[in-house]
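Quick note, the sequences are listed as chains X and W, same order.
Heads up: the first sequence begins at 1 in the working numbering, then just goes up one per residue.
Heads up: the second sequence begins at 1001 in the working numbering, then just goes up one per residue.
Hints are computed from structural coordinates only; laboratory data are not their basis.
Ideal placement from N, C-alpha and C gives every residue a C-beta, glycine not left out.
Keep in mind that a hint or two might mislead.
Said to hold, decoys possible - Covered stretches of chain X (in silico footprint by chain W; criterion: 3 or more residues with CB under 8 Å from a CB of chain W, positions within the stretch not fixed):
| # | region |
| --- | --- |
| 1 | 288-294 |
| 2 | 313-320 |
What the hints assert, rightly or not - So the derived label-pair ranges between C-beta atoms look like this:
| # | chain 1 | residue 1 | chain 2 | residue 2 | range |
| --- | --- | --- | --- | --- | --- |
| 3 | W | A1113 | X | A30 | 48 to 56 Å |
| 4 | W | F1395 | X | Y180 | 51 to 59 Å |
| 5 | W | F1132 | X | F368 | 44 to 52 Å |
| 6 | W | G1279 | X | P128 | 21 to 29 Å |
| 7 | W | G1424 | X | S226 | 53 to 61 Å |
| 8 | W | Y1275 | X | R345 | 30 to 38 Å |
| 9 | W | L1098 | X | P266 | 48 to 56 Å |
| 10 | X | E125 | W | A1113 | 28 to 36 Å |
| 11 | W | E1529 | X | E125 | 22 to 30 Å |
| 12 | W | V1128 | X | S226 | 36 to 44 Å |
Read off the chains here:
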Amino acid sequence: MSVNLGLAQVSGDFLVAAIVIYSLAVIGFAGDFAFGRPRRAKAAGAAVASGEHAAQLATVGAAQGAAQGASGGGVSEAPGASDLADGAQAVPADAGSGGTGSGDAGSGDAALPARQVPALRAIWEAGPWVRVAVAFSALGILLHVVAVVTRGFAVHRAPWGNMYEFVTALTCVAAIFFCYVMVRYRAWALGVFVMGAVVIALGLAETVIYTAAGPLVPALQSYWLSIHVTAMTLATGIFFVAAVLGVMYLVVERYRARVAAGKAQPGNGLLARIPSAAQLDKLTYRTVVFGFPIWTFGVIAGAIWADQAWGRYWGWDPVETWAFITWVLYACYLHARATAGWRGRRAHYIQLLGFASLTFNMLVVQVFITGMHSYAGVG
Amino acid sequence: MTDVHTPREQAAAQGEETVSFGTTETEPDATDSGAGTGPSAGWLRWGWRQLTSMRTALVLLFLLALGSVPGSVLPQQGADPAAVQQYYASHPALAPWLNHLGLFNVFAAPWFAAVYLLLFTSLVGCVVPRTFKLAGSARTPPPRAPRNLGRLPHSASFPSSLAPGAAVDAAAALLGGQRFRLRRPASGDSGHWVSAEKGYLREAGNLLFHLALLGVLVSIALGGLFGYKADKLLVEGQGFSDTVPALDEFHPGRLVSGSDLAPFSLTLDRFAASYLTSGESRGQPSDFNATVTYSSSPGAPSRTYNIRINDPLSVDSTKVYLIGHGYAPVFKVTDSHGNVAYNEATPFIPANTGTFLSDGVVKATDASLGFMGVFVPTAVSVGGTLESAFPADDFPAVSLIGYSGNLGMNSGVPQSVYQLNTAGMTKVAGSPHLMLPGQTWTLPGGRGAITFVGVKQWVSLAITYDPGQVPALVCGMLALGGLLLSFLVRRRRVFVRAVPAASGGGSVVTVGGLARTDASGGFEEEFAELAAELAAQQKPEPNNQSEAGA
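Using the sequences plus the hints, can you model the full thing?
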C-alpha cells in the first residue's frame, strides 16, 4: 500500500497546531506562576493555626468527608494540613525490614492531596490562569492525538517507525499522562515544566529530525512493531514525566536544605507553589512504578520480535544493551528507595541516570552507533 | 521483620541505619559464634550478611549496568567479528590490552559473569529466607490491635448504636467478608478489638519476580549448553543438508555435537527483493522473499516455504532465518587449451548495502587465472568510475582485473574465498575490463577466456536451535506478573476497637489503618471507604439517638 501524502500533510499541520496550542498552555501555566495567588502558602498558614494535631484531624476529616460525600470549609483545609505534615516529617522509612523494590510505608505521612473535590471543580477553583492553561493543554492533546492517528492512517501502520514518529508519539503519551497526574494530584505548578519540556521536544522533532512519511523496511514489517514500540513509547513518555518530577524534587530539596542550613530565606514565592519535596518524591516513585512494568514488557516483547526477525531473542545489540542498562538503573532506583542512606537525593540521581541512559539510547545509540536497531532514518 | 506495627516501633524503624535484605547487618563478632565454631565462622557469616545486604545488591546492580557499557561502545566478537578485526588494525597498541580485559567479549567475560553470579547469589540469599518468612506469616495471625488507634497513619472514629462487643463482631464480619485475615482477643485479653490484615500476594509477587529472573538466567545457560547457531550461504539453485561439513559456520553449545543437528535438507529455489522505485527513500527495500524447498528428514516429503525477514522457517524445533543477501555473477573460465576450468555462480559481497556495489574474486586454479571483480546491479558511469545507481539488477555489469600465475592454492596456507593473493602473479593487460552479461573477454597472449554468463542471487541463512527460548519466555512473563502483583497489591492492616459510649447504651468505635507498602498509592481512599462502610453498618438509629439525647 502506498503512502497517502495528503493525509501525511494533514498530520503535519495538526502537529504544528498542537505545538502552538501547547505553547499557549505553557504561557498559561507560567502566568499562574507569575500572577496566580499562592494557594499552598495560604492553606499551610491556615493549618499552622490549628496546631500540631492538624494533620491527624485532617485525615479524619478527609475520611469522613469522603464518606459523606460532603465538601466545604473543613474539607478544603485537608490538603494544606497534609502539606504541613510533609514539611514536618522526613520521607517515611520502611517500617518492616525493607524489601526488594518496596519502601513505601506509612502512606499517610506524605499524603498527596486526594480527590476531595471533583476534578473539574478543582480546575475551576485553581484560578483563571490554570483554567486557561488546562483548556489549552486539553485542546493541544486533542490535536496531537489527531496528528499521530492521521500519520498512522497515512502510512497504514503504527505511526512509530522512525525517530521522528517515535518522538511525536512519546511526547503525546507524556502530555496525556502528565495531565492525568496534574489533575489527579492538583499539581498545577508542574505544568510549566512538563508541558514546556514537551514543547521543546516536539519543536526539535519538527525541525531537526523531521522524516517524511514512508513505508517501512522489511525488518520492521511485523505486528510486533505495534506491540514492542508501543510499549517502549508509553514507558518512555512516563519516564519522561518522572524525570521532570525528579529534577523538581532536587531543586525543592536543595532549597529546603539551604533554608535548614540558614543559607536561604524561607518563603520563596516560586517554590511555595510547587508541591513539597516529600510529595514530589512520592509522585516520582509512583510514576516510575507505573513505567517500570511497561518498560519490562517492552523489553520482553522486543526479545520475542528479535527472535522472530534475527534468530535470537537477546544478542547484546547496542540498543538492547542500553535498554538493559536503563532497566537495571530503574531497578536500582526502586531498590535504593528501600535502602538506608540511599533514599531521597541519591535515589533521584539514580532515577535521572536511568532517564539519561534512556535518552542516550534513543538519541545517540540508535542514530550514531551501527547495530541491528538502526532504523532512526535521521540524516 | 517486625510484625507489630505500633507507632513506637515505626519511630524505631525510622532510626534504623540499614535496611538489609533479610538480616540485620552487624560487625563480625567472633565471641558471638556458638561453641565449636571458630572465629572464621563469624567472618563467614559477616561476609554472607554483607553479600545479601541491599546495599551490596545495589552496588552489584550498578556494576552490572556499568559493565554493559563497553559492550555497546566497543565492537563485540559475538556480534561483529569483522569490526573487532578492524579495531585491531586501527588501534594496534590499545586493542591487545582491551582484549586482555575481555572488552571485545564483555558479555562472556569472567568479570561480567562474576558480577551477575554474585548478584544472583545475593538474590538467592535474600529470597530464600523471605520465602520461609512469608510462609510463616501466612500461618500466623495478624498482630494485636495497638492501644491508641488514633496514632496510626489513618484513623477514623464514629459512634455506634451497638454495644462494644457487638460492634466489634459486626466490624469483624464485614472485614472477614472482604477476605481480611482476622485476629480477635484471646480469652485472657481485655477490651473489644479486631485486627485484620490483607495483601500477602504483594510479597509473593515480589519473590516470584526475583525467582523468575533466576529462571531467565538458567534458561540462557540452557541455550548456551544445548543450543547451536550456524550460518549458510546459498546461491539460487543450490541446496544443503544440515550437517557440520555443509555449513559455513557452526557455533555449537558446550554440550552439542554435530550428530545433534536436525536432519533436514533445504534448497533455495528463488530469491526476490523489491525496492521502492520512487520518492525520497528510493532504493529502500520493501520486501525480501526466499522461496525454499525443504524436507525435515531424509525421505520425508518435500515442501516449499517462503522465508521472509519476520517469517522464519521452522523445521521441528530448529529455525531457519533469512539474514542477508547479495549477487552471485556466473562466470565461465576456459584455459589456454579451451578446456572449461571454472563454471559457477560466484557470491560477491556487498561493499555498499544501499546500492549493492559488490566485490568478489574468481579463482580458476586449473587455468592459473584469478580475477578480482566489482559487480554493480544497475551500472552507471560517474566520471569514468563504475557505480551502481539502484540495488535491483536492472542493468548489471562487472569490471574485472585479471591475474595469471600460481594462485598459491596448493601451498597449504588457508585462503579466504573472497580474497586473491596476487603475490607471484602478473596482471593481465587490458585490466580492468568491463563486461555485460553474455560477453566474453579473451585474454591476451592466449592465456584463456572468461565469460560473464549471467547473474544469480545468494542469501545467507542462519540456522538456530535454542532449547532455552521457551523457558526464558515463560520466566520473563512470570517476572512481569510478579512485578505487577508486587506493585499493585498492598499489604495493609486495619484495626477496630470499641469502647462503651460515655452516655447511653452505644459505643464509640475507632478504626485505624496502616499500609506497609503502597507503591501505587490509593490506601487513603480504600481506608476512607472502609471506614465509611463500617460507620454506615453501625449507624445509630434515629430513635436510639433521641433516647441518648433525652
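Status of the hints after comparison with the structure:
Coverage of the region 288-294 of chain X by chain W holds. Counting CB-CB distances below 8 Å, 4 residues qualify, and the rule asks for three or more. Evaluation of the coverage hint for the region 313-320 of chain X: fulfilled, as 6 residues show C-beta separations to chain W shorter than 8 Å, against a requirement of three. Judged by the Cβ atoms, the range 48 to 56 Å given for W:A1113 and X:A30 holds: they are separated by roughly 52 Å. In this structure the supplied range 51 to 59 Å holds for W:F1395 paired with X:Y180, their Cβ-Cβ distance being about 58 Å.
Checking the proposed 44 to 52 Å range against W:F1132 and X:F368 shows it holds: the Cβ atoms sit about 50 Å from each other. Range check, W:G1279 to X:P128: about 49 Å between beta-carbon atoms, so the 21 to 29 Å window is missed. At about 59 Å, the beta-carbon gap between W:G1424 and X:S226 stays in the expected band of 53 to 61 Å. Between W:Y1275 and X:R345 the C-beta distance comes to about 54 Å, which lies outside the given range of 30 to 38 Å.
At roughly 54 Å, the beta-carbon separation of W:L1098 and X:P266 lies within the given 48 to 56 Å, and the hint holds. Take X:E125 and W:A1113: their Cβ atoms lie about 59 Å apart, and the range 28 to 36 Å is violated. Take W:E1529 and X:E125: their Cβ atoms lie about 24 Å apart, and the range 22 to 30 Å holds. A hinted range of 36 to 44 Å for the beta carbons of W:V1128 and X:S226 is consistent with their spacing of about 40 Å.
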